[in-house]
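Participant: On the provided structure of chain A, position chains B, C and D as indicated by the hints.
Next come the chains, spelled out residue by residue.
Number of protein chains: 4
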Amino acid sequence: MDAESLRLAERFLPSTYLKQARDADISRRSRIHQLLEKRKCPDEGWDDQTIEGLLVDLSKMDSNNFPANCGVGERESRIFSGLVAQRHYRLGHGIGRSGDISEVQPKAAGSSLLNKLTNAMVLDLIRRIGIRGTQACLVMPMATGMTVMMTLLSLRESRPQAKYVLWPRIDQKSCLKAIVTAGYQVVVIENVLEGDELRTDVPALKEKVSTLSPENVAAILTTTSCFAPRGVDRLEEVAKICKEHDIPHIVNNAYGLQSTKCLHHIQQAGRVGRVDAFIQSTDKNFMVPVGGAVVAGFDAQFIEHIGKMYPGRASVSPVLDLFITLLSMGVQGYTSLMTQRSEHMDYLRTRLEEVANGFDLQLLLTKNNPISMGLTIPKGVGTELGSQLFLRGVSGVRVVTPNQIKTIAGVTLKGWGAHHPNYPHGYLTAAAALGMTKADVDTFMGRLEKCLKKISSKLRERGAEDDNGVESQ
Amino acid sequence: MDAESLRLAERFLPSTYLKQARDADISRRSRIHQLLEKRKCPDEGWDDQTIEGLLVDLSKMDSNNFPANCGVGERESRIFSGLVAQRHYRLGHGIGRSGDISEVQPKAAGSSLLNKLTNAMVLDLIRRIGIRGTQACLVMPMATGMTVMMTLLSLRESRPQAKYVLWPRIDQKSCLKAIVTAGYQVVVIENVLEGDELRTDVPALKEKVSTLSPENVAAILTTTSCFAPRGVDRLEEVAKICKEHDIPHIVNNAYGLQSTKCLHHIQQAGRVGRVDAFIQSTDKNFMVPVGGAVVAGFDAQFIEHIGKMYPGRASVSPVLDLFITLLSMGVQGYTSLMTQRSEHMDYLRTRLEEVANGFDLQLLLTKNNPISMGLTIPKGVGTELGSQLFLRGVSGVRVVTPNQIKTIAGVTLKGWGAHHPNYPHGYLTAAAALGMTKADVDTFMGRLEKCLKKISSKLRERGAEDDNGVESQ
Amino acid sequence: MDAESLRLAERFLPSTYLKQARDADISRRSRIHQLLEKRKCPDEGWDDQTIEGLLVDLSKMDSNNFPANCGVGERESRIFSGLVAQRHYRLGHGIGRSGDISEVQPKAAGSSLLNKLTNAMVLDLIRRIGIRGTQACLVMPMATGMTVMMTLLSLRESRPQAKYVLWPRIDQKSCLKAIVTAGYQVVVIENVLEGDELRTDVPALKEKVSTLSPENVAAILTTTSCFAPRGVDRLEEVAKICKEHDIPHIVNNAYGLQSTKCLHHIQQAGRVGRVDAFIQSTDKNFMVPVGGAVVAGFDAQFIEHIGKMYPGRASVSPVLDLFITLLSMGVQGYTSLMTQRSEHMDYLRTRLEEVANGFDLQLLLTKNNPISMGLTIPKGVGTELGSQLFLRGVSGVRVVTPNQIKTIAGVTLKGWGAHHPNYPHGYLTAAAALGMTKADVDTFMGRLEKCLKKISSKLRERGAEDDNGVESQ
Amino acid sequence: MDAESLRLAERFLPSTYLKQARDADISRRSRIHQLLEKRKCPDEGWDDQTIEGLLVDLSKMDSNNFPANCGVGERESRIFSGLVAQRHYRLGHGIGRSGDISEVQPKAAGSSLLNKLTNAMVLDLIRRIGIRGTQACLVMPMATGMTVMMTLLSLRESRPQAKYVLWPRIDQKSCLKAIVTAGYQVVVIENVLEGDELRTDVPALKEKVSTLSPENVAAILTTTSCFAPRGVDRLEEVAKICKEHDIPHIVNNAYGLQSTKCLHHIQQAGRVGRVDAFIQSTDKNFMVPVGGAVVAGFDAQFIEHIGKMYPGRASVSPVLDLFITLLSMGVQGYTSLMTQRSEHMDYLRTRLEEVANGFDLQLLLTKNNPISMGLTIPKGVGTELGSQLFLRGVSGVRVVTPNQIKTIAGVTLKGWGAHHPNYPHGYLTAAAALGMTKADVDTFMGRLEKCLKKISSKLRERGAEDDNGVESQ
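Chains as they are written, first to last, in my numbering: chain A, 1 to 473; chain B, 1 to 473; chain C, 1 to 473; chain D, 1 to 473.
Next comes chain A alone, as it looks inside the complex:
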């Protein structure tokens, strides 16, 4: 209620009652003023009512919601269905303009402001949880794969002749597709096996750079978060190579914001070498529906350049989800989720070790992977374990068996699934991701043990036979 309304309300109510309402309102408003003034993610999360109030206020700033608006253009944000209007808080104009995804729209001051604030909050959060040197970020209304692609496309203008993207192998299709669809040739750098773990082959990478000649290399695309037994890439060393040879360095940090280790490596890489952009998904890091990604970097101009390459407007929806979520979480909420995640990672490890001991299996030692773990599976077991877990309501486990071969967009990868042509074990992976609960771990372990028991007894009955890998996602 504005001051005038509260004054008029005194005709109905004693002013002492209204004083309290005014005080409460002032405390809510001051949060909003701070957000606008400091451009920071609030420390403490807001209640839903304050968030919704702000959304309604922002929505009223868009021309399609002006009581006296009269639209004679081709896009006037008339929304046919009330269900649709409501679920978007009547925001209809999207974000960006023809020229630039982060430009403000005259017709949509509210949506534009929401977009700016979201970007500001994400930037603040990224800095505060660990990548202090971040200079700019953009919330892109498309997922990680597309954002990697857009980032690669943004490099072409300044390196028109470069046609190779060097890619320390990770067995995940999207990033491979992102390179190919962007029109580049993929140069696979196979990982090296160190103990159970797979790490970046830095000498091979260096070798490749000099073979191809740096000016022909459009970018090196490294990865932080990934399925075990692959570890985080050796970001600092790659960043140094990139700096030395003036090669763009893009980091696929898909779900790495939730891990202090990933954050640390990016911050360090940016300090000691070159990192042009690091890209992360909003769904995996911020517990929102799939649909957005954040591209961030240490050079504000390059990030802005990506925004300027984006042709046309875009959905505000992923930005809106993030806006709501960040206000609701606050920095404290996020860091406490990170802490819990780390604890559940430890708990999951302990529980998997017990199972490993009980069934004579092996928990793969992958200390450079802070999120995902691998457990070897009994010889001769494959698909059936994955399917059984899936049908028991366990989602997200991957069962990888050796010797798969896959060709994606013209690139053939031996030992598909394992990030390595000859990984010595079949195994399954499990991850402790943001939002996982201790109860989730317990449920998983219960179901896993049940499946392993069943399979073990079957195996004892019949002779084991080889089987194909299946992902239960």
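In case anyone wonders, no lab produced these hints; they're calculated from the structure. These numbers come from a predicted model, not from an experiment. Treat the hints with care, as some may be off.
Which copy is meant is left open, because identical chains are indistinguishable; a pair holds if it fits in one copy or across any two.
In silico DMTMM-like cross-links for lysine to aspartate or glutamate, where the CA-CA straight-line distance does not exceed 20 angstroms [claimed, not checked]:
| # | residue 1 | residue 2 |
| --- | --- | --- |
| 1 | K450 | E354 |
| 2 | K19 | D2 |
| 3 | K450 | E353 |
| 4 | K406 | D100 |
| 5 | K173 | E10 |
| 6 | K243 | D201 |
| 7 | K38 | E4 |
Facilitator: Same frame as chain A, now just chains B, C and D:
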């Protein structure tokens, strides 16, 4: 309520009352069965309750909503904020898989089904409103500009050496950016002035094809819907050239689905020549928030190929909006909106003619533009008219004054805004778009007249002076 | 957005864009200021966004929504379920205090204000649609029957010895129960048959007053809106009797606000005689869910007295529904609904006459019933017609056959359903109530004709036999 | 999704993915089947999605939501505002019929079923948390005061001559008003002071019964939950008197369901003596908005009789809130809230004792009050303490100073606020009610200490003076 529940409910209620409920339920269900069986947009729109019921049912099919689900992957669609969960009907997994935007997700049967059904309904609707030969379509969760870009990127694999996109000029930034960001060189084909109208210069286009050699041409990008005084491109003739020379032909049909004329030209072009894909925005054609586009074509394989080029998952949000809206509209709702639009176009024309007569101005004759119209503005008037209309709550009018020059992504265009280097008039445009009401026309005309009167009297006072063009969007 | 926020937003957006938002906001705010200042129902309805914005603002004024609230009482409006909180806009404290249903609550300034405003809007509307002399009204969070009962209970204090309520018969259970539950004895005044119509037997009423002696009569309870063939009671004449003999006069105006005739009679009765209170349902007159009633009158003190008799707090829910609906309708919306209703009444009459002619039936002439009509049914027809219509999805038709006897709360009524011991016809009723559409009439007539045809042919086959009355509600 | 839909969905999705969806659906359905079959509150709470799904299903069973419905009655549940329709899940017909609040409506099978299920769940819960002998209950869509009044009105028919209600004093207006508005004379039975505590004066009660003669006593109205220093009434002894003298016994158990002690006394009273009905508020016991009450008893017929006295229909809204909340809580949720409440009661007591020691005050010993506690206040302190706490955002504290006199509905009570004409202390009360958190206690204690410090220093400065009591609600 399922049959068993209704049976159990007889312990509480007389069975005659329940019979009616059962009958009503059967009629609702039969709509859903038909949707699944026929894969068609319903003729008559559904009520919101039936739509929401179906959405809840679909949402329950996604693993994150299974009561007993246990997620140990990195992406388990845990949604932090209740506000966010609710506005997405708890759909969190997005659409597509790493490999393909239209692939189904094991974790998300409901979202996948929703996506398939939406695509099926859009295809059916496009066929029934006029482009009968359409073989396939994809709802892309990004707007027109990005979808044009993705479509162009999809051409590279089969035409790796082609680097030019021929582009009959339209003064709109997104499509130009789409070409450039996709890594192609833009070859501008200037329009020819026929009376007041600007049309495709087919001879110049032919000439360019032979100069550059067809195999170097990645595609010709034509446009249907556009601001007056540009008309629809000569699609049929371009399509014939493309067929003859084996050049891909992409049609930017941004808001053309709402116009029978645009639909007719695309259908004819596909019949007599080559059209690889036509692309249209979901917001402008279906009255949903900005964020989606439909790419459709006469060759199902090419459309599928575009889907397969998409790296990673994507937001279900634009698809969901369309799903709700199509079920709510039905084909009848859509065609009746089209009819109204056409009537309001006539009404707007009549009213603008009156104003033209009253103020000694000229309504530009542009019979090949079925949506937008141009009215010349008094000599010496420019920015001020646009600003005044904008501040009076008129959105969407563009005021174009001659002799603007603009450089976008390295391409310099003379006479920017007018689609022509030397258009002889300054003018303003107004469009009769889907959802516009007669009251909108009346309000607009009232405000326009007021502004023109004010300006006329000012002009009489002082001598007129030249001014720059400003768009009121 | 408050002024400070808009000022701070200039760091993100050009101030010209914000100017528009500010202007739009001012126009919205001025509506709210007017509402608070004038205490009147707005002429024109508001859009949902403005309504929701105001609701959020009111909700924030309740202590349970204060960010820093700390509750140590027994009722602190903690709401367990998010679904429940949301559907009530987080209003939890209800209305009223122990002492008075219309008293303001210190803990709930927002709910209290909402309540006051709703009462003010209803009062204004009642005056403007016809009962100009109304001095006060109370929206009661309970339906008509209970509100009649509460009003009767409020009379006891000043007339402790009076034990009779005189009641011109209307065959509807609630009002009868209201009298009995309030602890009074019902004195039925049978109606007189005038042509097809049933009217108040004023002489019999006078006679009864003098027989019982006025001081023993607690009240006379008349009725306006009712099922045909009963007409509106002769309010003016009863009001005069009440004035003369100093007897309270309560009018059951259940769904009469929607009819200018009912309004006119109440206004006149209040002018020429005595009307203590007239009571109407919110669902039937304002198209909200069942649950509220309005008690209004020409003497503000008596209405306030009723409020003060109410023990304890009450649900805000019916008040909230009315608040939203009145803001959404505006006075213009309401009067236009009234006009449509009246037109559909005429249309229904015309169509029923056609059917009457076609099937050799008779449309009962009941010019004093402005809402409900009666059509005789073929001899020997009863239950089956009602059931058939019900099963065909026609609700609200009553089929009345003569000679039913019913005892309710100790009162035996002959000819139950017909408001008369010996009504000469069997008949069915249909009403043109607020919100009915022309399409409803057409659908009804189609189904009615179908049923009548079926029944006629059956009747021709077999000999007709007597049947019992059944209401299809 | 029904079986047929899932079968048809196989045209779009692999049947293995659908199998999972089917399994999940079966588990959800089985909960609904159990609810319908067992008529019990679920042990474990349901997720919101299942609850909403059921609500949508129930709503579809009401005729106003039938796709082919055609209404020609006066009440067809047409809902004008979409906001209103939505917040009620499109349930519009309310509950009950003219004759009986618990009767089913032919037009509203869904609402009727919802009502029946809610009543069944409440009955089950009441039994399981302690009053095992409960035979029936009714959720009334009005708050405690009105429900007490309705219950008293229901007694009149069988005891027409009885005009007194004996009332062991409790200083709360609603119950007093309930008696008076129902038309009875209040006979106040003053409490006796036992230590710090006020208890029922059983001898005085007996005395009064014989003085007035039992047949003139309509009922004895006792109270369980109340502000300290009053304790729970001596229910068992009163119940025995009632049994012996054949006097109805109504228990005002306003917020006593949350306390095992209150439950125990009611159960015992019902076993050893006579309890006709015990009445409790839904908001205070179930954390829903104000608006409902539950009347329950050991004799199903009497409870049904109350329902049959209710004239007309009523709002479904309070029932709906309870339905949602009980499904969401489950019995386990409720009992765990009870346990927490009890722990916070202990914690509050400990903290108040500390303050008592620190400020030389006294925590009143009231072991028969399981919810509310009293702390004496410094001599000469009154209003100011209440106001200061209120303005600091503490709600629900009552500050009581001796020697207040109040006349309510003709009944004069000395020592108002203290339940006793001469309570020896001024004091404040604080309650540990359902849903209170440990943080609430801490915040309260912090603010209380601050206020006490401020007041103490003021008192030291000036000489203390007497002051009036003020409630901070």
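Participant: Against this structure, judge whether each hint is valid.
Facilitator: Hint by hint, here is what the structure shows:
Only within a single protomer do K450 and E354 lie at most 20 angstroms apart by alpha-carbon distance; the minimum there is 14 angstroms, versus 53 angstroms between protomers. In this assembly of identical chains, K19 and D2 lie within 20 angstroms of each other by CA distance both inside one copy and across copies; the values are 13 angstroms within and 18 angstroms between. In this assembly of identical chains, K450 and E353 lie within 20 angstroms of each other by CA distance solely inside one copy; the values are 16 angstroms within and 53 angstroms between copies. In this assembly of identical chains, the alpha carbons of K406 and D100 lie at most 20 angstroms apart only when taken from different copies (16 angstroms versus 38 angstroms within one copy).
Taking CA atoms no more than 20 angstroms apart as the test, K173 paired with E10 passes in neither setting, with 64 angstroms inside one copy and 26 angstroms between copies. With identical chains, the CA atoms of K243 and D201 are at most 20 angstroms apart within one copy only, with a shortest distance of 18 angstroms there and 49 angstroms across copies. Within a single copy, K38 and E4 get their C-alpha atoms only as close as 28 angstroms, which misses the 20 angstroms cut-off; across copies the closest is 14 angstroms, which meets it.
In the structure shown, a violation is registered for the earlier hint numbered 5 alone.
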